[in-house]
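With the first letter of the sequence shown counted as 1, position 204 gets the number 204 in UniProt numbering; the numbers rise by one all the way through.
Simulated from the structure, these hints should not be mistaken for lab results. Wrong hints could be hidden among the right ones.
Unchecked claim - The list that follows gives simulated cross-link-like pairs (lysine to any residue, SDA-like), each with its CA atoms no further than 25 Å apart:
#  : residue 1 : residue 2
1  : Lys105    : Leu128
2  : Lys185    : Thr104
3  : Lys192    : Ser121
4  : Lys123    : Lys54
5  : Lys168    : Glu93
6  : Lys185    : Arg88
7  : Lys178    : Gly215
8  : Lys54     : Glu75
9  : Lys116    : Arg88
10 : Lys210    : Gln56
11 : Lys116    : Glu197
12 : Lys168    : Phe186
13 : Lys192    : Lys91
14 : Lys91     : Val113
15 : Lys192    : Ala202
16 : Lys210    : Ala69
17 : Lys91     : Lys178
18 : Lys210    : Tyr62
19 : Lys210    : Asp102
Said to hold, decoys possible - Computed Cβ-Cβ distance ranges for the label pairs, DEER-style:
#  : residue 1 : residue 2 : range
20 : Pro188    : Arg51     : 42 to 52 Å
21 : Thr161    : Met118    : 19 to 29 Å
22 : His138    : Pro94     : 13 to 23 Å
23 : Glu167    : Glu89     : 27 to 37 Å
24 : Gln195    : Lys168    : 12 to 22 Å
25 : Ser115    : Pro95     : 41 to 51 Å
26 : Leu214    : His138    : 24 to 34 Å
27 : Gln195    : Asp90     : 36 to 46 Å
28 : Leu211    : Lys178    : 21 to 31 Å
29 : Lys54     : Asp112    : 32 to 42 Å
30 : Gly87     : Lys168    : 35 to 45 Å
31 : Leu100    : Glu206    : 31 to 41 Å
32 : Pro58     : His109    : 21 to 31 Å
33 : Glu167    : His109    : 31 to 41 Å
Yeah, the Cβ is synthetic: ideal placement off N, Cα and C, and Gly gets one too.
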Amino acid sequence: AKLRKSNHGEGIPKSERGLQIRPLTNPEGSSVLSLLRRIVLLSCFVSRCLRPIKEQFPIVSYADLYELAGVVAVEVTGGPDIPFHPGREDKPEPPEEGRLPDATKGSDHLRDVFSKQMGLSDKDIVVLSGAHTLGRCHKERSGFEGPWTPNPLIFDNSYFTELVTGEKEGLLQLPSDKALLVDPKFAPYVHKYAQDEDAFFADYAEAHLKLSELGFAEA
Numbered sequence: 001a002k003l004r005k006s007n008h009g010e011g012i013p014k015s016e017r018g019l020q021i022r023p024l025t026n027p028e029g030s031s032v033l034s035l036l037r038r039i040v041l042l043s044c045f046v047s048r049c050l051r052p053i054k055e056q057f058p059i060v061s062y063a064d065l066y067e068l069a070g071v072v073a074v075e076v077t078g079g080p081d082i083p084f085h086p087g088r089e090d091k092p093e094p095p096e097e098g099r100l101p102d103a104t105k106g107s108d109h110l111r112d113v114f115s116k117q118m119g120l121s122d123k124d125i126v127v128l129s130g131a132h133t134l135g136r137c138h139k140e141r142s143g144f145e146g147p148w149t150p151n152p153l154i155f156d157n158s159y160f161t162e163l164v165t166g167e168k169e170g171l172l173q174l175p176s177d178k179a180l181l182v183d184p185k186f187a188p189y190v191h192k193y194a195q196d197e198d199a200f201f202a203d204y205a206e207a208h209l210k211l212s213e214l215g216f217a218e219a
């Protein structure tokens, strides 16, 4: 990946504003998202890949770089533009385990995690679940295997269309995914986003921003 300037990052000095990770493409045009994924997910790559960026932009925290990578990943795979606001602080210790939802549980558990702990709405829970349109599960990490959608490198509303049409061979539907379709408050959003990708994109950008800014104040 290489860096370019953009309008992301208001609120920091002009000399260090607008840091963005820009994916490269090979001659066939496929984005090198594996590098982005490794930077974000694998700690062994953090110091090696991000240290030079931190040295050039010391005011930007690692937490901000992770969030910026997520924003760019959504954008370059066809999803909505999401505002990026810097200001997160790096912490010396990782958070306690168990803060993410259990994929084997249902709607009450989702609300316990996202609503009671994070203050997110039912609409937020459903629309953020739509991010499963990207990527796949790996059995050695989660106990589940496979992608949610036919093309896991495209951000679109296919997570919801697949959920509505039912299970298909080779595609994943977790118990927590199916819970969205049977819960009377979640289900209308599932059908809405399956029918209207523009509505999904607009609501996703709003919910992603809300989630990404939990726990810190804007500079």
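Status of the hints after comparison with the structure:
1. Lys105 / Leu128: holds (17 Å)
2. Lys185 / Thr104: Judged against 25 Å, a Cα distance of about 19 Å means the pair holds.
3. Lys192 / Ser121: Holds - the C-alpha atoms of Ser121 and Lys192 are around 16 Å apart, at most 25 Å.
4. Lys123 / Lys54: violated (36 Å)
5. Lys168 / Glu93: violated (41 Å)
6. Lys185 / Arg88: violated (33 Å)
7. Lys178 / Gly215: violated (30 Å)
8. Lys54 / Glu75: Holds, at roughly 23 Å.
9. Lys116 / Arg88: With Cα atoms ~22 Å apart, Lys116 and Arg88 stay inside 25 Å; holds.
10. Lys210 / Gln56: violated (28 Å)
11. Lys116 / Glu197: violated (28 Å)
12. Lys168 / Phe186: holds (22 Å)
13. Lys192 / Lys91: violated (38 Å)
14. Lys91 / Val113: At roughly 21 Å apart (the allowed maximum being 25 Å), Val113 and Lys91 satisfy the hint.
15. Lys192 / Ala202: Measuring from Cα to Cα gives roughly 12 Å; hence the hint holds.
16. Lys210 / Ala69: holds (16 Å)
17. Lys91 / Lys178: Violated, at about 35 Å.
18. Lys210 / Tyr62: holds (19 Å)
19. Lys210 / Asp102: Judged against 25 Å, a Cα distance of about 21 Å means the pair holds.
20. Pro188 / Arg51: 42 to 52 Å: holds (46 Å)
21. Thr161 / Met118: 19 to 29 Å: The hinted range 19 to 29 Å holds for Thr161 and Met118, with Cβ atoms some 27 Å apart.
22. His138 / Pro94: 13 to 23 Å: holds (20 Å)
23. Glu167 / Glu89: 27 to 37 Å: violated (42 Å)
24. Gln195 / Lys168: 12 to 22 Å: Distance hint for Gln195, Lys168 holds at roughly 19 Å.
25. Ser115 / Pro95: 41 to 51 Å: The hinted range 41 to 51 Å is violated for Ser115 and Pro95, with Cβ atoms some 18 Å apart.
26. Leu214 / His138: 24 to 34 Å: holds (26 Å)
27. Gln195 / Asp90: 36 to 46 Å: holds (41 Å)
28. Leu211 / Lys178: 21 to 31 Å: holds (22 Å)
29. Lys54 / Asp112: 32 to 42 Å: holds (36 Å)
30. Gly87 / Lys168: 35 to 45 Å: With Cβ atoms ~42 Å apart, the hint holds.
31. Leu100 / Glu206: 31 to 41 Å: violated (21 Å)
32. Pro58 / His109: 21 to 31 Å: violated (40 Å)
33. Glu167 / His109: 31 to 41 Å: This hint is violated: roughly 21 Å between Cβ atoms.
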